[in-house]
Amino acid sequence: MDHSAKTGIGFGLTSAVITTLGLMVGVNAGTHSRVAVIGSILTVAVADSFSDALGIHIMEETQGEYSHGTVWKSSLYAFLSKMLIGGSFVAPLILFPLSTAINIAMLWGLLILGAFSYYIGSFEEKSPWKVVLEHEVIAVIVIFVSHYIGVLISIYLG
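Under my numbering, the residue at position 2 of the sequence shown is numbered 2, and the numbers go up by one with no gaps.
Among these hints, one or two may not hold up.
Ranges between beta-carbon positions, derived for each pair [claimed, not checked]:
id, residue 1, residue 2, range
1, 124, 36, 22 to 28 Å
2, 55, 129, 44 to 50 Å
3, 126, 94, 28 to 34 Å
Below, a list of computed lysine-lysine pairs in the DSS-like style, where the Cα atoms sit at most 25 Å apart [what the hints assert, rightly or not]:
id, residue 1, residue 2
4, 73, 6
5, 6, 126
6, 6, 130
Quick caveat, the hints were computed from the structure, so don't treat them as lab data. Quantities reported herein were computed from a predicted structural model and do not represent experimental measurements. Positions of the beta carbon are idealized from the N, C-alpha and C atoms, including for glycine.
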């Protein structure tokens with residue numbers, strides 16, 4: 001995998017999983033509304049995909065290490081991976097009851113993140129399982145914090 005693909009897909013995939021899981025778990029905890037959760041996922045899949053792609057684009061431009069084409073490819077990979085992976089979290093919400101769908105989505109996200117983390121870790125000097133564990137722990141922390149933020153919003157503003 002070349003630099004553009006590693007950068008764009010790695011950033012897009014990670015951001016899609018962490019952002020989407022945090023958002024859907026928090027919105028669900030605060031509203032218990034399938035419509036709100038699906039609407040949030042689709043909104044973030046579009047808006048945050050553009051935002052992340054532009055962030056990658058600007059970051060790589062400021063480094064000055066890569067060609068104009070490489071910068072654009074990284075941006076496109078980030079956009080597409082973020083949008084596609086983020087959007088994939090809608091499927092369980094359409095197919096299953098809300099609480100089941102949230103659990104399936106969490107499993108799906110952690111599997112995607114774990115698989116990519118293992119791939120990344122296999123190129124490093126340390127054990128790929130340490131990389132997987134590190135990334136999964138961060139994702140689980142985001143899920144828990146987002147859940148409790150949603151609960152608090154529901155209690156104090158609901």
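Problem - Enumerated hints in conflict with the structure, sorted upward - result: Hints 1, 2, 3 are the ones this structure does not satisfy, whereas the remaining hints hold.
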